[in-house]
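**Student:** For the record, the sequence lines run as chains A and B. So for the first sequence, my numbering puts the first residue at 7; every next one is plus one. So for the second sequence, my numbering puts the first residue at 392; every next one is plus one.
Because the hints were derived from the structure by calculation, they are not lab data. Just so you know, these numbers come straight off a predicted model, no measurement behind them. Careful, some of the hints might be misleading.
Away from chain A, derived, C-beta distances all over 10 Å, residues of chain B [to be verified]:
| no. | residue |
| --- | --- |
| 1 | I499 |
| 2 | P704 |
| 3 | E707 |
| 4 | A728 |
Result set (DMTMM-like, lysine to aspartate or glutamate): computed pairs, CA atoms no more than 20 Å apart in a straight line [stated by the list, open to error]:
| no. | chain 1 | residue 1 | chain 2 | residue 2 |
| --- | --- | --- | --- | --- |
| 5 | B | K625 | B | D669 |
| 6 | B | K625 | B | E675 |
| 7 | B | K717 | B | E664 |
| 8 | B | K682 | B | E716 |
| 9 | A | K40 | B | E716 |
| 10 | B | K727 | A | D119 |
| 11 | B | K682 | A | E41 |
| 12 | B | K727 | A | D49 |
| 13 | B | K641 | A | D119 |
| 14 | B | K727 | B | E620 |
| 15 | B | K727 | A | E41 |
| 16 | B | K625 | B | E608 |
| 17 | B | K641 | A | D49 |
| 18 | B | K641 | B | E716 |
| 19 | A | K40 | B | D768 |
| 20 | B | K727 | B | D669 |
Heads up, the beta-carbon is just placed ideally off N, CA and C, and yes, glycines get one too.
Spelled out from the first residue to the last, the chains are:
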Amino acid sequence: MDRSLLIHVAVLLGLTALAVSTTQAAEPAPARQKELVHMVRQDCGSCHGMRLAGGLGPALLPERLADWPDDSLVATIIHGRPGTAMPGWQRFMNEAEAGWIVARLKQGFPELD
Amino acid sequence: MRLRPAIASLVAALALAGCATTPPEALRGTGDLGVVIERAAGRVQIVEHSTNSSLATVPGLGDLSHAHVTFSRDGRFAYVFGRDGGLTKVDLLARRIDKRIIQAGNSIGGSISQDGRLIVAQNYEPGGIKAFDADTLELLSEVPAEYAPGKFSKVVGLADVSGQRFVYALFEAGEIWVTDFTNPRRPTTTRYPAGKQPYDGLVTPDGRYFLAGLFGEDGISLLDLWQPERGATKILAGYGRGEQKLPVFKMPHLRGWSLAGGQAWLPAIGRHEVLVADARSWQETARVAVKGQPVFVMARPDGRQVWVNFAFPDNEWVQVIDTVEKRVVHTFSPGKAVLHMEFEPRGEEVWLSSRDSNRVSVVNTATFATRSELPADAPSGIFFTARGQRIGF
Chain A
7 MDRSLLIHVA VLLGLTALAV STTQAAEPAP ARQKELVHMV RQDCGSCHGM
57 RLAGGLGPAL LPERLADWPD DSLVATIIHG RPGTAMPGWQ RFMNEAEAGW
107 IVARLKQGFP ELD
Chain B
392 MRLRPAIASL VAALALAGCA TTPPEALRGT GDLGVVIERA AGRVQIVEHS
442 TNSSLATVPG LGDLSHAHVT FSRDGRFAYV FGRDGGLTKV DLLARRIDKR
492 IIQAGNSIGG SISQDGRLIV AQNYEPGGIK AFDADTLELL SEVPAEYAPG
542 KFSKVVGLAD VSGQRFVYAL FEAGEIWVTD FTNPRRPTTT RYPAGKQPYD
592 GLVTPDGRYF LAGLFGEDGI SLLDLWQPER GATKILAGYG RGEQKLPVFK
642 MPHLRGWSLA GGQAWLPAIG RHEVLVADAR SWQETARVAV KGQPVFVMAR
692 PDGRQVWVNF AFPDNEWVQV IDTVEKRVVH TFSPGKAVLH MEFEPRGEEV
742 WLSSRDSNRV SVVNTATFAT RSELPADAPS GIFFTARGQR IGF
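With the hints as extra help, turn the sequences into a complete structure.
**Tutor:** As C-alpha cells, then:
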C-alpha cells in the first residue's frame with residue numbers, strides 16, 4: 007500500500023518536473039528574457055530598426071510575419087540566410103530561445119524597460 | 392570691491408536697454424558645439440567640447456536608431472535624420488526644435504549642399520533621395536531610386552560634393568548615382584554600375600573620390616568625380632582571398648575621416664581586419680589584424696592614429712592603430728556597446744558613446760586617459776558642428 011502510494015507520488019513528481027523543465031525550455035527564465043529583448047531591440051535593431059519597422063533588413067512586425075511558419079523563422083534566426091546580410095545567431099541563443107523570440111515578434115515585441 | 396557696483400549698474404543698464412538685445416552672458420559661438428543622440432529616448436543633448444559639458448536636452452525627435460546629423464554652415468542648426476523618416480532642424484543656440492517634418496517611412500541620413508541651401512535625405516522606404524530647402528524644410532524635389540521599372544533600391548552612403556552634387560549608392564541595384572541639384576527643382580542624375588550590394592559610401596576629404604564598400608563581393612567600388620565618365624572601378628578586389636567569411640553582426644560604416652598619411656583605412660567585411668590602400672594608386676599596402684568586425688575606422692584629424700570600434704559581440708572594445716607603424720598600439724573598453732566616436736576638430740580628444748553603459752567618455756588621444764564622462768541615455772551618434780565646414784559630411 008504505502009509502497010504503491012510512494013511510487014505514485016514519485017511518478018507524479020517526476021511528471022511535474024518534466025512538465026516544468028519542458029515549459030522552461032520553451033520559456034526562457036525572466037532574466038534571460040530581458041537579455042533577449044535587449045538583444046533584439048538593440049542588436050537585431052541595427053539592421054531591422056530599434057522599433058523593428060525595418061532598415062537594411064525587412065520589418066519584423068506582426069502583420070508582416072503572420073504568414074511565415076515559426077520553424078522557418080527560427081531557422082532564419084539560428085542559421086542566417088546565406089548570400090544575404092542576415093547572419094546566423096546560434097552562437098548567442100538556442101532554438102528554444104529563437105522560438106520564444108519568434109512568438110513575441112508575432113504578438114508585438116516587448117519594449118525595452 | 393569697487394568693481395561690484397560697477398558691474399551691478401552695468402547689468403541694470405543692459406537690462407533696461409531692452410528685451411530686444413540678447414543678454415551678453417548668452418552670447419556664444421557655435422564652433423565648439425555638438426549633439427549627442429539619445430537613441431531610445433528620441434532626444435538629443437546639446438554639448439560643447441571646450442570644457443566638455445552638456446548644455447541642454449531637446450526631446451521629441453522620434454525614432455533615433457541609426458540617426459544621422461548634418462549642420463548648417465554657420466554652425467547654428469543641426470539637421471537630425473531619424474530612422475522613422477523624421478527630419479528635425481534643431482536650433483543649437485535657442486536649444487529647441489526650430490522645425491520638424493516626417494519626410495519618409497524609413498530614413499538613414501542626409502547631407503547639406505555645397506552652398507548650404509539644400510538638405511538632402513537618403514531613404515530606405517520609399518527608396519530614393521529628397522531635397523529640402525535648408526531654411527523652411529520645404530520639399531523641392533525627389534529622385535526615386537527606381538533602378539528598373541517598378542524596382543526601388545535602398546539608398547546608402549549619401550555624400551555632398553562640389554557643384555551642388557550628391558553621390559550615393561544603391562544597395563539592391565549595385566550602382567552609384569550622382570545627382571546634380573544646380574536647379575534644385577529639376578535635378579539630373581547619372582548612373583554608374585558599382586558592384587554587388589554596396590552598403591555604405593564615403594567621399595575623400597577633397598571631394599574627389601567616392602568609395603562604396605561592397606557587401607556582396609570582396610572589394611570597394613571607386614568613382615573619380617573629377618572624371619566620372621570613366622566609370623567606377625574596383626579596388627582591393629578579392630581581399631578575402633576566397634576564405635570563408637566570418638558572420639557580420641553589424642554593418643560597418645565608411646563615413647569617417649579614414650584618410651590618413653596618404654593611405655585609406657577601411658573596414659574589411661567578414662574579416663577581423665582593417666585594410667590599408669595607397670590613396671593615389673589604390674593598391675593594398677597593408678592590413679592590420681584587429682579584435683572583431685570593424686564598424687567605424689576613423690582617422691584622428693592629423694592622421695597619425697586610426698581608431699576602430701567593433702560589431703556585436705566585440706562592441707565593448709576600441710583599438711587605436713598607429714598609422715606609421717601600421718599596428719595596434721592601444722586596446723581599451725570605455726564602456727559597453729560602443730556605438731560611435733567623434734574627434735574634437737583638432738584631435739586632442741575623442742568622444743565615445745557607450746550605449747549600454749549610458750555614458751559618453753571623452754578620452755585624451757595622446758595619453759588615452761579619460762578626461763570626462765557625461766551621463767546619457769543609451770547614446771549613439773556624436774556629431775560636432777565642425778562637420779558643417781567639411782566636404783562630404
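**Student:** Indicate, hint by hint, whether the structure satisfies it.
**Tutor:** These are the hints, each one checked on the structure:
no.: 1; hint: I499; in the structure: 7 Å, violated
no.: 2; hint: P704; in the structure: 7 Å, violated
no.: 3; hint: E707; in the structure: 13 Å, holds
no.: 4; hint: A728; in the structure: 7 Å, violated
no.: 5; hint: B:K625 x B:D669; in the structure: 14 Å, holds
no.: 6; hint: B:K625 x B:E675; in the structure: 12 Å, holds
no.: 7; hint: B:K717 x B:E664; in the structure: 12 Å, holds
no.: 8; hint: B:K682 x B:E716; in the structure: 18 Å, holds
no.: 9; hint: A:K40 x B:E716; in the structure: 44 Å, violated
no.: 10; hint: B:K727 x A:D119; in the structure: 17 Å, holds
no.: 11; hint: B:K682 x A:E41; in the structure: 24 Å, violated
no.: 12; hint: B:K727 x A:D49; in the structure: 13 Å, holds
no.: 13; hint: B:K641 x A:D119; in the structure: 23 Å, violated
no.: 14; hint: B:K727 x B:E620; in the structure: 46 Å, violated
no.: 15; hint: B:K727 x A:E41; in the structure: 14 Å, holds
no.: 16; hint: B:K625 x B:E608; in the structure: 11 Å, holds
no.: 17; hint: B:K641 x A:D49; in the structure: 8 Å, holds
no.: 18; hint: B:K641 x B:E716; in the structure: 28 Å, violated
no.: 19; hint: A:K40 x B:D768; in the structure: 18 Å, holds
no.: 20; hint: B:K727 x B:D669; in the structure: 34 Å, violated
Consistency note: the structure conflicts with the earlier hints numbered 1, 2, 4, 9, 11, 13, 14, 18, 20.
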